[in-house]
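Number of protein chains: 2
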Amino acid sequence: MFKLPNEVIFYTIERSIKEYRHFAQKQLWKAFPDITVDQALIFTLISSNPEMTQEELSDVLFKEKASVTRMIELLRKNGYLNREIHETDRRRFKLTPSKKGKAALDKIIEIIKQNRTIALEGINQYDQTHLNETLNKLIKNCTK
Amino acid sequence: MFKLPNEVIFYTIERSIKEYRHFAQKQLWKAFPDITVDQALIFTLISSNPEMTQEELSDVLFKEKASVTRMIELLRKNGYLNREIHETDRRRFKLTPSKKGKAALDKIIEIIKQNRTIALEGINQYDQTHLNETLNKLIKNCTK
DNA sequence: ATATTTTTGTTGATATATCAATATTATATA
DNA sequence: TATATAATATTGATATATCAACAAAAATAT
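One line per chain: the protein sequences are A and B, in this order. Its first residue numbered 1, the first sequence is counted upward by one per residue in the UniProt record's numbering. Its first residue numbered 1, the second sequence is counted upward by one per residue in the UniProt record's numbering.
One copy or any two copies: either way a pair holds, since identical chains are not told apart in the list.
In the DSSO-like style, the derived pairs of lysine-lysine whose C-alpha atoms are separated by at most 27 Å in a straight line are: (1) 107 to 18; (2) 26 to 144; (3) 30 to 137; (4) 3 to 113; (5) 94 to 65; (6) 3 to 26; (7) 99 to 26; (8) 63 to 30; (9) 100 to 26; (10) 30 to 100; (11) 140 to 18; (12) 144 to 113; (13) 144 to 18; (14) 26 to 63; (15) 113 to 18; (16) 65 to 3.
I should point out that these hints are in silico values taken from the structure, not numbers from a laboratory.
Go ahead and model the full structure; you've got the sequences and the hints to work with.
In structure tokens form, the structure reads like this:
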């Protein structure tokens, strides 16, 4: 009467991103037990784009700005980021990697890259492009 | 130095499932403002598989059993499910659609099916199969 | 120059994800 | 039968997602 979840393509999509996140988190925690994959990503973005506003970060990351606020707060609490008021715009904050953050940055980037490489093993460029195109069609169908 | 998120395939995967969920939730809320897509799915599963344990539900849905517990509790609180203690196993519960649940069931199933159809418009069988295969490779890479 | 609108960010409420700890009942084993 | 183990479900803590309401500062309009 109704397909079981595992026969449905949306289930596979959801499962794949969940497994990737789970895998990536496990790898990251080996070296950095106090940050999540989402926090790590936002941290690398802030480090290489120090002038981005939180609003822009939230657009680029496709995350709610409320989530961005909270992730930044955790990065700050765990000592990866410093937060000062922005020199010329007092609504904003100047976010910079702390000493601890700087020391961790390269390793974090390396882990993320390696995670991606491992997850994509055996998936050639054609497959990746095709995957991307199909998913973009799906996105268009859901947003138009 | 580091790809922006939108150039990364994992971002597209995540975005696609998010857009689908957002779209599906909007459609569902038009008719049923008091259930989420996840709850609706679990509700249809319970209705057609009344003997499934919550553990089995959580396996089939690829969700944590803690989440399943909470979703069932909300379905009960909002009057879609009745919960009684199981006749032969007092650890378990017998979950059955309430009157309200029964009245809603067919419409819910129809909405879910329609959402899927709309989201997959213009994505042919070959694309779907290929998508499925590629994602399954990714899953295997992350879980082995 | 003051009033209005926009930008930027925070907070609160609720749902879900994840992991660990717990409670209860059922089953297996000694 | 008594005890240990397994199965089933709940609860708590923390992170994130989502939506809405809010506050402060900046930009714009009148």
